[in-house]
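Participant: Sequence:
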Amino acid sequence: MECVNSCGLDREKCISWLKENCSTAKFQGRKLDTKKGLLVCATEAGHSACILEVNCQTDFAAMSTNFVQFAAGLQKHLRSTEWREQDELLHSVRHAAADSIQLLCSQLKEDIQISQLRALRAPPQSTGQSVFGSYQHMLGGEHTPGIGHIAAIIQLASSNPLAHDKLQQAQSVADGICRHMVATSGMYDLTTTTNKESTVSRFDKPLEDQRFMGEGASVKEWMQQEVGADIRIIDYDVRRVR
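Quick note: to get this note's numbering, add 19 to the position in the sequence shown (first position is 1).
All the given hints hold, so there is nothing to weed out.
In the SDA-like style, the derived pairs of lysine to any residue whose C-alpha atoms are separated by at most 25 Å in a straight line are:
#, residue 1, residue 2
1, Lys-54, Val-260
2, Lys-224, Ser-237
3, Lys-185, Ala-248
4, Lys-128, Asp-29
5, Lys-95, Asn-85
6, Lys-185, Leu-226
7, Lys-55, Val-219
8, Lys-95, Ser-220
9, Lys-95, Arg-140
10, Lys-224, Glu-240
11, Lys-239, Asp-223
12, Lys-55, Ser-111
13, Lys-54, Met-206
14, Lys-95, Pro-164
15, Lys-55, Glu-72
16, Lys-185, Arg-230
17, Lys-54, Ile-169
18, Lys-95, Thr-163
19, Lys-224, Ile-252
20, Lys-128, Thr-84
21, Lys-239, Val-201
22, Lys-128, His-168
23, Lys-128, Ala-91
It is worth saying that the hints were derived from the structure and are not from the lab. Since this is a predicted model, take the numbers as computed values, not measurements.
Use the sequences and the hints to build the structure in full.
Facilitator: Written out as structure tokens, the structure reads:
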């Protein structure tokens, strides 16, 4: 309301006012509200999948070219980095992005944070087969795939190695379940729990029991029809940012 009172309905004046008043000296020493932002997905089909949450203070910053390009750079880093532990990957991303964050803060006049990472990875030694999928509701325009405001990742596994055609089908199913999670995310409440390793975000209703895309067979029934009775959900995560 204060912004409207100061600038009326002039969009450019409102943007300038928000940028100035979100980062002036009067905010120094306070924890800034950084609940806007983007989700960055990166998947290596047979190895891992992750969601990285990058936060800023306003929608104007989240949709800016500089912020989206910054997120795209983080995505490249996620895809090119070898890692074993989730904390190791998060530390690597934050270290690599430190200078870029400083520059971006000065450009956008906002507090920028790499806040959370959820990463799923195949166990180092397994007789079975792990498959990973991801999906995100992408930004409009010519933005980079894998970056958006709603995202999901999943890990499926079978007790035995899958034949080539079944492996391809399992990959398609993994991505399909992630599309289901994004498409139906408004139908279920998300519960967030924090343990010593990470913050985990899941539906309040078991994913396997949900109706695939809101109708017909359950997710578990559809998955097993497409791949076989041996396939199962190991872990997943679904996120939303404003």
